[in-house]
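Once you have looked at the hints, place chain L on chain B.
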Amino acid sequence: MKKKYTVGNFLISIFIGLFSLMCLLPMILTLMVSVTDEATILRHGYSFVPAKFSGYAYQLIFRGGSSVIRGYLISIFVTVVGTLLAVLITGLAAYTLANKNVRYRNALGMYFFIPMVLGSGIVPWYLICTGLGLRDNLLALLIPNLMFNTFNLFLVRNFMSALPDSLHESATIDGANDAVIAFRIYFPLTVPALATVGLFYGLAYWNDWWNAIMLVDDKTLYPIQYLLLQLKSQISMLKDLQYLSGTSAATPPSESLKMATAIVTVGPIILLYPFLQKYYVKGLVVGSVKG
Amino acid sequence: MMEGESGMTKALKVERKKKGGFFRDVARNKFSYLIALPAILYVFIFSYLSYPYMALAFQRYNYKNSTVWGVLFQGDWCGLANFKFFFNSQNAFRVTFNTLYLNILFIITGTVMAVLLALLLNELRSRKFVKTTQSVMLFPNYISWVMVSYILLSLFSTQYGVVNQFLRSIGLSGVNWYTNAGAWLGILVVMRIWKGAGMSAIIFLASIAGIDTSLYEAAAIDGANRVQMMFRITLPLIMPTVVIMTLLSLGKIMYGDFGMIYALVGDNGTLYSTTDIIDTYIFRALRQVGDMSQSTAIGLFQSVIGFVMVYGSNWLARRFYPDGALY
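The listed protein sequences correspond, in order, to chains B and L. Quick note on the numbering used here: the first sequence kicks off at 1 and runs consecutively. Quick note on the numbering used here: the second sequence kicks off at 1001 and runs consecutively.
Please keep in mind that the hints were generated in silico from the structure rather than gathered at the bench. Just so it is clear, the structure is predicted and the values come from calculations on it, not from any experiment. Glycine included, each C-beta is placed from N, C-alpha and C at the ideal position. There's no promise every hint is true.
[As the list claims (entries may be wrong)] If you anchor each label on the Cβ, the simulated ranges turn out as follows: (1) L:1269 / B:163: 53 to 63 Å; (2) L:1079 / B:163: 47 to 57 Å; (3) B:139 / L:1211: 47 to 57 Å; (4) L:1215 / B:11: 42 to 52 Å.
So that you can see chain B by itself, here it is in the shape it has in the complex (with noise of 0.2 Å):
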């Protein structure tokens, strides 16, 4: 069917067009705060185009020692060492799901599924993480809430039921145990779905500070999202990285380095945004509409 180019069709584009850019300006003002100069902010304020750019910021957090490169560590720490796991125990666990030989995978379903529509609150969740010693340590940050989530898990037993029942047959007839199968053929055949998965995780270890507000009052275990909270308020926080970065500068240059520090966290997802686009979209879009 051919379509002709209508002025509908003109104003639409504007339309798209600008929201768009209304998706990116707001990023692009906090970069150019955090290139201007500080004097330059105090006197004009914040703007798109400054009078004159300074990387002060940027050396100032760069520099060894600081605590926004501390908590960028351990969010990469954190993230990767997360992702993986997550994605392994979602993985197994999906498979026995999707393992037709196994009879009470519809109950075992059913297990992972009540949690998800019957909440207890946060206050007993508290109070099993501080039970199990999940306090003050990089394991609070690891394992509560993000470990594990039941939509991802679902997500891959879906993928992994669609395979044919064949595989497995003549995988047990070799002789390979389940072990084997999920960890040789299955995994390997659903490598788009752990991927997808996998970016799901990744983003929500990437992006948390639930566990650290809740879990973490070790300054020092701060990962980079909950030190950026913090950040917001605290000029205190501010001549904390500053006096740690060794500098002694009469004024520090609080608002671009507050931008600053917000732009760096965004370094990772823009360096995944391919693999975001390619996965995580579509994994979301197979989660949500049926059929």
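Same frame as chain B, now just chain L:
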């Protein structure tokens, strides 16, 4: 989302009739059960073990009832005192109203915007333009609410913000946005659309892609124009997806978005009248006041109504569109 869950009880009954009990099944598939064990344990510890703690809502908290055993057998029971304390305060109505009101605003504006974007994107024929704008639109979806709060700061900061600069440049005086509770309703709604509409639009767009093209061809032969096709074919045919997505959000209406509200508003008390939700209230009662029992009580109130809402919305979804139910 959860195919296979429907008709579960029926399937279970049929399966039980086969010979061999649960333990025989485990023995037969020991590796399969073994590799699922980490997930099973995780859910057991963080979800199932948490249910007994809900009794804390009817107890006074002390060091004894901080374990499952303690909460069940050594609790200092106090009846409904924790609930009374919450419901007799001004806060109960305020936080419940704010939670529901904000969520309803988010659902309506978010859905309308997403459907509009999807319909319009569908009209565009330049693949390159659609792909590029889609990529850009999705960007806000990936960043954290903390990052969004910095974006808000660069826009609405009283001293340096771009919005106030603009207001001053046209001769008005700047507004102190961070003390203006009324304005925050609008700010929250706009930021929600900004962050989520692009992603929702793509979900609806996928639903549009599933529409049989022969319908449009037939309509074109009958002389229908593009606008008529949009309103008479596309929109009615994606309505099931729209209704289901809306009902699923309705099911979560008792749960506010803590990550959003706390990151954007934080502990700014002057904005509580419009922005304080159940989740932020519980958070403060727990982390800042340290009142375990009352926090549990509010959490239980939220869970119970939340469960009824999920169940009810799913029942509705099943009535309208039998395939669309969550379970």
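Here's how the hints hold up against the structure:
no.	hint	verdict
1	L:1269 / B:163: 53 to 63 Å	55 Å, holds
2	L:1079 / B:163: 47 to 57 Å	55 Å, holds
3	B:139 / L:1211: 47 to 57 Å	49 Å, holds
4	L:1215 / B:11: 42 to 52 Å	25 Å, violated
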